[in-house]
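Next come the chains, spelled out residue by residue.
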Amino acid sequence: MTALLDIRALRVELPGSPPLAVLDDVTLSVNPGEILGVVGESGAGKSVTGAAVLGLLTSPLRQVAGEIRFDGTRIDILPEARMRRLRGSEIAMVFQDPLTALNPVFTVGQQLIQTIREHSPMGRTAAHARAVALLREVGISDPEARLDAYPHEFSGGMRQRVVIALALAGEPRLIIADEPTTALDVSIQAQIIALLVGLARSRGVGVLLITHDMGVIAEAADRVAVLYAGRVAEIGPVAEVLLHPRHPYTRGLVGAIPRIGAGLEVLPQIPGAMPRLDALPEGCAFNPRCPLADARCRAERPVPRLLGAVQVACFHAEARQTDAAQIERPDA
Amino acid sequence: MSAAEPLVSVAGLSRVFDVSPPLVTRLLHRSPRRLLRAVDGVDFTIAPERTLGLVGESGCGKSTLARCVAGLMAPSAGEMRFQGKPMDLARRPDRAIRRSIQMVFQDPYASLNPRWRVETSVGDPLLAFGIARTRAQMREQVAALLTDVGLAPDDAAKYPHEFSGGQRQRIAIARALASRPAFLICDEPTSALGVSVQAALLNLMRRLQGEYGLTYLFISHNLAVVDHMADDVGVMYLGRIVEKQPKRHLFDAPRHPYTKLLVQTVPSLETLGRASAPLAGEVPSPVNPPPGCAFHPRCPHADARCRAERPAPVPLPGGGSVACHAVAEGRI
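Quick mapping for you: the protein sequence lines, in order, are chains A and B. Going by numbering that gives the first Met the number 0, the first sequence opens with residue 0, and the numbers climb by one from there. Going by numbering that gives the first Met the number 0, the second sequence opens with residue 0, and the numbers climb by one from there.
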């Protein structure tokens, strides 16, 4: 099966002397109907990955190496005019803040109908009917009446449903969802996740789900890519990565999540902080914070390799969990 | 909850905001005043050196409650006693009490003055309350505070923009601790941070609680974080505390249907691969709350009485209380 989205060895730089790699050798793919979660701390390159796929890298960021294929076709070298046709119709996006993603001076219906007609030529009545159907699909009750409402008349969760309806207007095959639930409340979060999962299953839409919330990944994603300092630390099926993390960074991240009923006195934490892009260490980017780091880690950058179903960029990925237990020694 | 004499006790605290349209508009349209009951008759006590966690979704009145208790906002009604003495919440509390009650806010990017060096931000309370008599004393104490929160004494000369979000929150904590408070109100202190930074900060706050003998009111929408930090947990819904219990009871055997919903929908690693069944509906508007129990439109156990009569808190055998007719009548 060809992947719907295939990113190979993507490198995005911030020009300068020397240029700084915001994304470095990022390789990942999304299949139809699959949700790929992308996690990492702020500054790890999650959102830049999404922007690169959409061809929306903001200057001065630029792609200097690698390729991005959508349905087998390279899209990173498409002229802007053709990329514009693709955005919205084939690849759609859902942003974190639904209030800024919607235009406050137009009704939800006007925005939906305009977007629908932008992507497929149809009359007002047909577009209106389609708008109603879309709102119903994303779980907005009484869609006929809600079409005439302005975004501020919706609650946060309902607005995010409208944004998802807008994203679906062009019948996309891939949705880039950048922190779609971060601005929402817990019980509403669960509703939006269920909606995204449902869309992937029923419509076969591929979803690149960018989030810093491991709980959201656990519930929604089929596979997950863990980003650290612009590099993929680990990528694989979600159960494998979260329950048996092989990269010491993933282990630290998973260990740091507070759990209900854990009864810990002290939460495990990863010592130190993610390095700045202009101060990346030699070798593995995680080595200054890693309990398993040795001379090789400090000199040589680990190439991702396949361990079972998981691809890990670590020389010590086979180390037993007990060796990594020292990572859970907190230095608060 | 605890036999010890409480450090803080709050009874019948309410805060009403007038959100009416301007007078002329009201007269022209003959529309009535519109009142928003952000906090509606809240009672709680916190024993010395204990932590009361408060959870609830956005708009439930958590932050308004925090501001009233901190003395930053006058409540519309209610009483508060601090160290056994009644506090006049309507007036500016006296210096001794202001010294003893401090607050840590959610967004460390907004709570620190970007034009002030760390030394000024942290040292200002020291000078204001006369804890440091000279600038030299102040510098010494600032250095000690920064060391206590895991920063370096040299950081005093820097500006907030030179720090990451987690480090800024440490600065905010150092400033809150400067006046040697007994009671610290933390309003979503880690919500803007990633998991590994959050773990470090939660560990720090637990350590400081022991070292400084602090009593916390810890507000968060994240149940796992509250479980980690709190001794007792209160659940807020639309301005009221609907359930309050020692945390083990609350998480192991939640009584109120809303608490059950919250505990069930927490995204976590345990819910891997199966999205939790989301409950339909949203938090209603506090301007126009439903009659009776505010939760009845979303509640699977609601009956005629729930729709008409507001439930009063009923004590629970294990300590704490729940405000639910269905529980009081033994229906659930």
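What the hints contain is simulated information worked out from the structure, not anything from laboratory work. Even for Gly, the Cβ is constructed at its ideal location relative to N, Cα and C. Treat the hints loosely; a few may be bogus.
Partial list, computed: chain A residues near chain B (C-beta under 7 Å) [claimed, not checked]:
#1 ALA255
#2 ILE259
#3 VAL265
#4 GLY271
Quick partial rundown of chain A residues pointing at chain B, CB under 8 Å, derived from the structure [stated by the list, open to error]:
#5 ARG258
#6 PRO274
#7 GLY282
Far from chain B, by Cβ distances over 12 Å, these chain A residues were calculated [what the hints assert, rightly or not]:
#8 LEU13
#9 GLY42
#10 GLN113
#11 HIS118
#12 PRO142
#13 ALA148
#14 MET157
#15 HIS211
#16 PRO290
Okay, the hints, checked on the actual structure:
1. Because the smallest distance between the Cβ of ALA255 of chain A and any Cβ of chain B comes to about 4 Å, under 7 Å, the interface hint for this residue holds.
2. Restraint check, ILE259 of chain A versus chain B: the minimum CB separation of about 5 Å is within 7 Å; hint holds.
3. About 5 Å separates the beta-carbon of VAL265 of chain A from the nearest beta-carbon of chain B, less than 7 Å, and the hint is met.
4. Taking 7 Å as the C-beta cut-off, the interface hint given for GLY271 of chain A is violated, the closest approach to chain B being about 9 Å.
5. At a threshold of 8 Å, the smallest CB-CB gap from ARG258 of chain A to chain B is about 6 Å, leaving the interface hint in force.
6. The interface hint given for PRO274 of chain A is violated, since its Cβ lies 11 Å from the closest Cβ of chain B, which is over the 8 Å cut-off.
7. Because the closest C-beta pair between GLY282 of chain A and chain B is about 21 Å apart, greater than 8 Å, the hint is violated.
8. No Cβ of chain B comes within 12 Å of the Cβ of LEU13 of chain A; the nearest lies about 18 Å off, and the non-interface call holds.
9. Some Cβ of chain B comes within 12 Å of the Cβ of GLY42 of chain A; the nearest lies about 9 Å off, and the non-interface call is violated.
10. For GLN113 of chain A, the shortest C-beta to C-beta distance to chain B comes to about 27 Å, beyond the 12 Å cut-off, and the non-interface label holds.
11. For HIS118 of chain A, the requirement that its beta carbon stay farther than 12 Å from each beta carbon of chain B is met, with the minimum near 29 Å.
12. A cut-off of 12 Å between C-beta atoms confirms that PRO142 of chain A is not in contact with chain B; the least separation is 16 Å.
13. In this structure ALA148 of chain A is separated from chain B by more than 12 Å, as the shortest Cβ-Cβ distance comes to about 15 Å.
14. In this structure MET157 of chain A is not separated from chain B by more than 12 Å, as the shortest Cβ-Cβ distance comes to only about 7 Å.
15. Non-interface call for HIS211 of chain A relative to chain B: violated, since the shortest CB-CB distance, roughly 5 Å, does not exceed 12 Å.
16. The claim that PRO290 of chain A lies off the interface holds: its Cβ sits roughly 14 Å from the closest Cβ of chain B, which is beyond the 12 Å cut-off.
Hints 4, 6, 7, 9, 14, 15 from the list above are not met by this structure, while the remaining hints are.
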